[in-house]
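Chemist: Protein chains in written order, with numbering that gives the first Met the number 0: chain R, 0 to 321; chain Y, 0 to 347.
Hints in this document: simulated from the structure, not taken from any laboratory.
A couple of the hints might just be wrong.
Below, in silico cross-link-like pairs of lysine-lysine (DSBU-like), each with a Cα-Cα straight-line distance of 35 Å or less [said to hold, decoys possible]:
#: 1; chain 1: R; residue 1: Lys41; chain 2: Y; residue 2: Lys150
#: 2; chain 1: R; residue 1: Lys221; chain 2: R; residue 2: Lys190
#: 3; chain 1: Y; residue 1: Lys153; chain 2: R; residue 2: Lys41
If you want the building blocks of each chain, they are given just below.
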Amino acid sequence: MSVTYLEAIREAQTKLLREDERVFIYGQDIAGKFGGAFKATKGLAEKFPGRVLNTPISEDAMVGTAIGAALEGMRPIVEMQFADFSSIALNQILNNAGTHYYRTNVPVPITVRLPSGGTKGSGPFHSQSMEGLYSHYPGIVVMTPATVEDAYTMLIDAVAIDDPVVYCEHKYLYYHLKADALPKESFPVGKARIVRPGRDLTIVTYSAMVHEALAVANELCKDGFEIEIVDLRTVKPLDTATVLASVARTGRLLAVGEAFPWGGVTAEVVSRVAAEGFHLLDAAPARINAKDTPIPYHPNLWTEHRPNRKTIAAKARQVLAE
Amino acid sequence: MLQAARRGKKSSSKKAAPKAAVHERFLEAFRWMLLARTLEDKLRSLYRGGMIVGGVYLGRGQEAVSAACGMFLKKGDVFGPLIRDQAGRSAFGEPLLDVVRTYLGSVKGPMRGRDGNIHRGRPRENQLAMISHLGAMIPVMVGKLLAKRMKGEKGFVGLTTLGEGGMQTGASHEGLNIAAVEQVPLVVVVTNNHWAYSTPNEREFACANLVDRAIGYGYEGHKIEGTDLNQCLDAIETAVKRARAGRPPQLVVAEVLRLAGHGEHDDASYVPQEMKGQPFAEDPVARTEKFILENSLMTRDELQQLRTEIAKQVDDAVATAQQEDAPHAREEDWRSMSTQQLIDNPSV
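In isolation and in its complexed conformation, chain R is listed as follows (with noise of 0.2 Å):
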């Protein structure tokens, strides 16, 4: 038996349906026998009837929904039918639901599920990678897994915490990405994983590009480098400790991210390096993001507005070069 990263996801949300009934699901297009755009929810209304609810199109007013059905102690889980979307309820994740807890000593648990990240012809509206945005407000937990493993347990523990969690699902993993059997045993929630130990360069990196970097250091393996990958799984909280453990090692830092240049996981995982741990480093702090364009439509632009292993890899032996 195999299990797909999206079947992880689907997974997840059966066992929390049937094990707490204070979770539903809240998203456009996800109930009946369609089950959302993705499938993530396929079959899940039939099995749970009246917790699986079809919205109309108002990103906004579902999240607003969601913040009421917290206070009144239910867990909701929202999908956004893409990541992009969810800039219509930027206003109810981060003005009302990230502030609540803060003002008024009620916390917020909802999870927002954002399907991210591109894949080939998706465009401009249906690509985003919107940790970075999410990270930069205060009072909300970003998570953004890159296993199987974790897509499952990480959306568990998401809707168990009290706080509201922004869940970055990437795309290109649903249907890519498989494990042999669902995991028993989570990862402690806000900790970083060392995925590939190293000496010579430590790669920071999360979701889709945990997999790019991975190929990228089996190739320089090739050449006798051994470079140390870390998959932060949240971005907010960051693990700084074991970022800065790893640059400890390697004396080297290249962080990875799928987002826009400007800001982001990767600059404020440089930043931490550069402030905290400058006397690690026996080259300068680099970082590698898509270009600062909106994402393109067509292949073979697309391809090259992303990180991939080509420009990870030129990258990485330019740090290693130092």
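Could you slot chain Y onto chain R? The hints should help.
Modeler: Using the frame of chain R, we list chain Y on its own:
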């Protein structure tokens, strides 16, 4: 005062002799109006005296409709007030101390100096804490009501308020629509006070009357004079009863004039003099007092005594809050989340 009222039926407030229970209800509402007016006059003078930091937003001119909003809600119901709802908040049960503590930044208040003025609330006690982005609280209310239904509760209702300015946001449209899609027991009371800050109605919307939107959203609509307490009580009572009974969401649109600036920093000099003579511009507190005296619901002495009592309550609350500590940056925990192990700490 349902849709039919729009076709010219006038208020019956001056014709029918109110019965004892109606008297009692009317006088109770008046007390909340007077409390709100007295309290807000005090807040105004504290602001002018430099005792309040940040904005002061008054409900002057909206007391009748606001008081009615809080009057028909029971335990288990939810109230989502907005910036000009002091009377309704008090009628719903908000303690005076919550108001002055929040305005004065006392650490003992519900917001503890972290948020101010009208952004206060007690979500655990079904008083939602509004954010400044208008329309945002409508779907939050929908979520509260949806969750109550999911939990098997019965007989509850939610009431939230909005201005004619707030009704023009995208969030309001989404919220009003999703409430009808979910068929939650909701009353939305929109007070058209004719000004969105300094922008008049003709630059806010182009429909004949906002209550006409009720049919478009699948709501039942009610149009009232917001300065006539009897109309406000009748219409909002009807709307609350209907929502509670499982009828579609209810939209009440009341017309008044904002008898203050947008906030106390604003002298509202843009309001033309001729508008102040319009029927909707009447002061609802004065109109209600006049009605009370004309119908002998209270004597002049009783009215004066009530004013004195309320003024003392307000003064006592202010005196208490003024003696309390303001927040200290050093004692503040600076945590934006309840889950301590997930708080991001840039310097490890």
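Chemist: Run every hint past the structure and note whether it holds.
Modeler: Structure-based check of each hint:
1. Restraint check: the Cα-Cα separation between Lys41 of chain R and Lys150 of chain Y comes to about 24 Å, which is no more than 35 Å; the hinted pair holds.
2. A C-alpha spacing of about 30 Å is found between Lys221 of chain R and Lys190 of chain R, which places the hinted pair at or below 35 Å, so the restraint holds.
3. Taken as a hint, the Lys153 of chain Y and Lys41 of chain R pair is honoured in the structure, with Cα atoms around 31 Å apart against an allowance of 35 Å.
When each numbered hint is compared with the structure, no violation occurs for any of them.
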